[in-house]
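> Take a look at the letters that make up each chain.
There are 2 protein chains.
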Amino acid sequence: MKKLINHVDTVLAESLDGFAAAHADIVTLGAERQFVRRRHLKPGKVALISGGGSGHEPLHAGFVGHGMLDAACPGQVFNSPTPDQMLAAAQAVDGGAGVLFIVKNYAGDMMNFQLAAEMLDLENATVLVNDDVAVENSTYTTGRRGVAGTLIVERIVGAAAERGDKLAALKALGDAVNQATASMGVALTSCTVPAAGTPTFQIGDDEMEVGVGIHGEPGRKRVKLATADEIAADLLGAILKDLALKPGQPVILLVNGFGGTPLMELYVMVCAATKILTAAGLTVVRHLTGSYVTSLEMAGCSITVSAVNADWLALWDAPLHTAALRWGV
Amino acid sequence: MKKLINHVDTVLAESLDGFAAAHADIVTLGAERQFVRRRHLKPGKVALISGGGSGHEPLHAGFVGHGMLDAACPGQVFNSPTPDQMLAAAQAVDGGAGVLFIVKNYAGDMMNFQLAAEMLDLENATVLVNDDVAVENSTYTTGRRGVAGTLIVERIVGAAAERGDKLAALKALGDAVNQATASMGVALTSCTVPAAGTPTFQIGDDEMEVGVGIHGEPGRKRVKLATADEIAADLLGAILKDLALKPGQPVILLVNGFGGTPLMELYVMVCAATKILTAAGLTVVRHLTGSYVTSLEMAGCSITVSAVNADWLALWDAPLHTAALRWGV
Numbered sequence: 012m013k014k015l016i017n018h019v020d021t022v023l024a025e026s027l028d029g030f031a032a033a034h035a036d037i038v039t040l041g042a043e044r045q046f047v048r049r050r051h052l053k054p055g056k057v058a059l060i061s062g063g064g065s066g067h068e069p070l071h072a073g074f075v076g077h078g079m080l081d082a083a084c085p086g087q088v089f090n091s092p093t094p095d096q097m098l099a100a101a102q103a104v105d106g107g108a109g110v111l112f113i114v115k116n117y118a119g120d121m122m123n124f125q126l127a128a129e130m131l132d133l134e135n136a137t138v139l140v141n142d143d144v145a146v147e148n149s150t151y152t153t154g155r156r157g158v159a160g161t162l163i164v165e166r167i168v169g170a171a172a173e174r175g176d177k178l179a180a181l182k183a184l185g186d187a188v189n190q191a192t193a194s195m196g197v198a199l200t201s202c203t204v205p206a207a208g209t210p211t212f213q214i215g216d217d218e219m220e221v222g223v224g225i226h227g228e229p230g231r232k233r234v235k236l237a238t239a240d241e242i243a244a245d246l247l248g249a250i251l252k253d254l255a256l257k258p259g260q261p262v263i264l265l266v267n268g269f270g271g272t273p274l275m276e277l278y279v280m281v282c283a284a285t286k287i288l289t290a291a292g293l294t295v296v297r298h299l300t301g302s303y304v305t306s307l308e309m310a311g312c313s314i315t316v317s318a319v320n321a322d323w324l325a326l327w328d329a330p331l332h333t334a335a336l337r338w339g340v
Numbered sequence: 012m013k014k015l016i017n018h019v020d021t022v023l024a025e026s027l028d029g030f031a032a033a034h035a036d037i038v039t040l041g042a043e044r045q046f047v048r049r050r051h052l053k054p055g056k057v058a059l060i061s062g063g064g065s066g067h068e069p070l071h072a073g074f075v076g077h078g079m080l081d082a083a084c085p086g087q088v089f090n091s092p093t094p095d096q097m098l099a100a101a102q103a104v105d106g107g108a109g110v111l112f113i114v115k116n117y118a119g120d121m122m123n124f125q126l127a128a129e130m131l132d133l134e135n136a137t138v139l140v141n142d143d144v145a146v147e148n149s150t151y152t153t154g155r156r157g158v159a160g161t162l163i164v165e166r167i168v169g170a171a172a173e174r175g176d177k178l179a180a181l182k183a184l185g186d187a188v189n190q191a192t193a194s195m196g197v198a199l200t201s202c203t204v205p206a207a208g209t210p211t212f213q214i215g216d217d218e219m220e221v222g223v224g225i226h227g228e229p230g231r232k233r234v235k236l237a238t239a240d241e242i243a244a245d246l247l248g249a250i251l252k253d254l255a256l257k258p259g260q261p262v263i264l265l266v267n268g269f270g271g272t273p274l275m276e277l278y279v280m281v282c283a284a285t286k287i288l289t290a291a292g293l294t295v296v297r298h299l300t301g302s303y304v305t306s307l308e309m310a311g312c313s314i315t316v317s318a319v320n321a322d323w324l325a326l327w328d329a330p331l332h333t334a335a336l337r338w339g340v
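If you read the sequences in order, they're chains F and V. Heads up, the first sequence is in the numbering used here, so the first residue is 12 and it goes up one at a time. Heads up, the second sequence is in the numbering used here, so the first residue is 12 and it goes up one at a time.
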C-alpha cells in the first residue's frame, strides 16, 4: 500500500486537521473532531447536516459553508459516523429553525442518522439520497445507493436554506431534487482502504466494473474496457431511462472523478456525454467536472444528470463559499 | 493502459472540446484548437499567455479567465506547443498593451516560446518559471524545472495585469514572484503517457522518487517510502534552504497532487507541512490544496512555498474567475 500518510490510525485525524487549517476562514472543527461546521453560522436558518464514511473527499466536509452545508460528520474511511457525532453537530449549528439531515442511502448511515434524529426528537427531517441507478439493493443498501448526486441535492437545498426556506419546504425540495437526479459510475481500478492495506477488489488489466459503488461495491457487470464514447453511452443509457425526461429539459451534467482519474480524461467524458445528451434533445445548462465524490484513489468516473427548473437553477447559481465549490463570493 | 479515452490520437482534441463545452462562459477555443482564450477580453490590458505540454491539467487552460491568463497553448501530452500556436494566441488576445509569455523552464517550451517572441517582435516579454529546487539541470532542462509554482506566478501576475499594470512592471513582478517561490515533489507511482502505453518509469512497491519532475523525470533520490511527516520535512527542508526566509515571513502554501492522489492524503500533507512551517517561524497566510499541476494519474504530491508581501497577497486575493480556480466573483 502506497499512501502519503503517517499511520493508518491517524489518517482521518490528520486529514481533518489539515483541512481545518487550510480552510480556517470557512470551517471549524468540533471537539474531538466529531464534525466540521461552518465558522460563521446564520441565525434563524434551517441547519443542514450531512456526513458519512471518509474517503470520499471533498464530500462532505468540503461542502460545508455559505450556501451549502452547516456541518458534516466524518466517519472512519468507508464507515458511518456515529449518532453522537450528528447529535453534537446538531447542537452546535441549530439556529432555532430546525435541523435537516441529508443522508446517502447506506444501511449504516441510515441507522445512525435515524438514531440521532430520535435523540434530537426530529421528525420528517431527513432527505435520503439514492441517485445510483446501477443496482436495486446492494452490498450495503436496501434500495439504490446514494452517490455523486448527493452534491447536487446538498447544493440546491443549501442555497434554499440560505435564502430562508423553512424546514418542511427544504425537505420537500431535497426529495424532489433527489427524484430528478440519477447517476451511474464505472471503475477501472480498485481503491485500497488504509486499514485494510490491500485493494478492495481484484480487476483484470483489460477490465472495468460498470455500475460500481463508491466503496468499490460490485455494479451491473464486469466487462472488457470500452472506449469513452461507449462508456458514456452505457452510463447515460441507464440514467436517461430512469429519468425519462422530455426533450428540451434543462439539466446539470456532473462528470465526477473517483480520485485517481486525470482531469484530462474527465473532460474526454464530458465531450462524450455532452454529445449524447444533446442528441437526446436535452439542454445542458450547467456543467460541473472534477473529483468531488471519490473513492480514495480509485480510477474511473461517474456521470450524474439532474433535471432542473428555473428556481432550482437559480439556487444552483446562488452565492456559494465552501472549500471545494465556490462561486459568486 | 487503462484510460477513459477513445483513441490515443484524439485524447487532446476531445479533452479540449469537453473543457470548452464545460466552461463556455469563461473560455473559447481557437481555430484548430491551437489555444484556449478568455471569452471576454479586456481592451487595453497586457495579454498574458502561457502553455506547455498537456497532461498537467488543469494547468494551463484551467487558469484562463478573469484575473489570470488570457490564453493557454496546449501541446500534445508532455510535448511543447509549437510557435504557431503562441503566434495565433497572441494575435487573438493582444489588446494593444503588449503580450507577456509565462513559460516553464523546459528546453522545448523555451525554444518554441522564444521563436514565437521573435515572430512577434517581442522583447523582454517572457517570465521564466524555474521553481523546482530538486535538481540543477535535468532530463529536459538546463537549470531548474518549472513546476507548481507556475500557478502562483500566473495568478499574481494575472491579477496585476487585470488592475492595469504595464508590461515592464508585469515582467519584473513575474520574475520577482518566481524568485520568491520554491517547490519540490515526490512520486509514489509513475504515470502512463497515452501514446506510449506503458509507465514512464518503474518503481518498487515500497519505493518513492524524491524530487520527481512533473513528467516523471528522475529527482534527487529513489528511497523507501517514508511517512507523510518525513516526506514533508524532506521537501520543505530543500525548499526553505533555497528560499532562506526570515522568521515572520508570510507565505502561501500550495500542496499539489499529481493526479492520482486522494484529497484525503493531500490534507495529511497540509497538516504535516503547516506544523513544519510554523515551527520554522513562518506564517502561512493562504493555503491552496488540490491537484492543479498534475502528471496524468501519477500518485504523489509537491509542496510549494511562496513568500509574499502585502501587495502580492492583495493580488492573490483579487477577484479570479477561471475553470480551476475561482474566488471573489
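In short, the hints are calculated from the structure, not lab data. The reader is advised that the hints may include incorrect statements.
Claimed, not checked - Within a straight-line C-alpha distance of at most 25 angstroms, the following computed PhoX-like cross-link-like pairs (lysine-lysine) qualify: (1) F:Lys235 <-> V:Lys13; (2) F:Lys232 <-> V:Lys13; (3) V:Lys235 <-> F:Lys13; (4) V:Lys232 <-> V:Lys257; (5) F:Lys13 <-> V:Lys13; (6) V:Lys232 <-> F:Lys13; (7) V:Lys177 <-> V:Lys56; (8) V:Lys13 <-> F:Lys286; (9) F:Lys252 <-> F:Lys235.
To be verified - From the structure, some residues in chain V lie toward chain F, with a derived Cβ separation under 8 angstroms: (10) Lys13; (11) Ala33; (12) Arg44; (13) Gly66; (14) Thr137; (15) Leu139; (16) Tyr151; (17) Leu236; (18) Leu274.
Said to hold, decoys possible - Only part of the chain V face toward chain F is listed, based on derived beta-carbon distances under 10 angstroms: (19) Thr21; (20) Ala24; (21) Asp28; (22) Gly339.
Ideal Cβ placement from N, Cα and C applies to all residues, glycine included.
> Run every hint past the structure and note whether it holds.
Comparing the hints with the structure gives:
no.	hint	verdict
1	F:Lys235 <-> V:Lys13	holds, 11 angstroms
2	F:Lys232 <-> V:Lys13	holds, 17 angstroms
3	V:Lys235 <-> F:Lys13	holds, 11 angstroms
4	V:Lys232 <-> V:Lys257	violated, 29 angstroms
5	F:Lys13 <-> V:Lys13	holds, 19 angstroms
6	V:Lys232 <-> F:Lys13	holds, 17 angstroms
7	V:Lys177 <-> V:Lys56	holds, 8 angstroms
8	V:Lys13 <-> F:Lys286	holds, 23 angstroms
9	F:Lys252 <-> F:Lys235	holds, 23 angstroms
10	Lys13	holds, 4 angstroms
11	Ala33	holds, 4 angstroms
12	Arg44	violated, 12 angstroms
13	Gly66	holds, 6 angstroms
14	Thr137	violated, 26 angstroms
15	Leu139	violated, 25 angstroms
16	Tyr151	violated, 20 angstroms
17	Leu236	holds, 6 angstroms
18	Leu274	holds, 4 angstroms
19	Thr21	holds, 8 angstroms
20	Ala24	holds, 9 angstroms
21	Asp28	holds, 5 angstroms
22	Gly339	holds, 7 angstroms
Checked against the numbered hints listed earlier, the structure breaks hints 4, 12, 14, 15 and 16; every other hint is satisfied.
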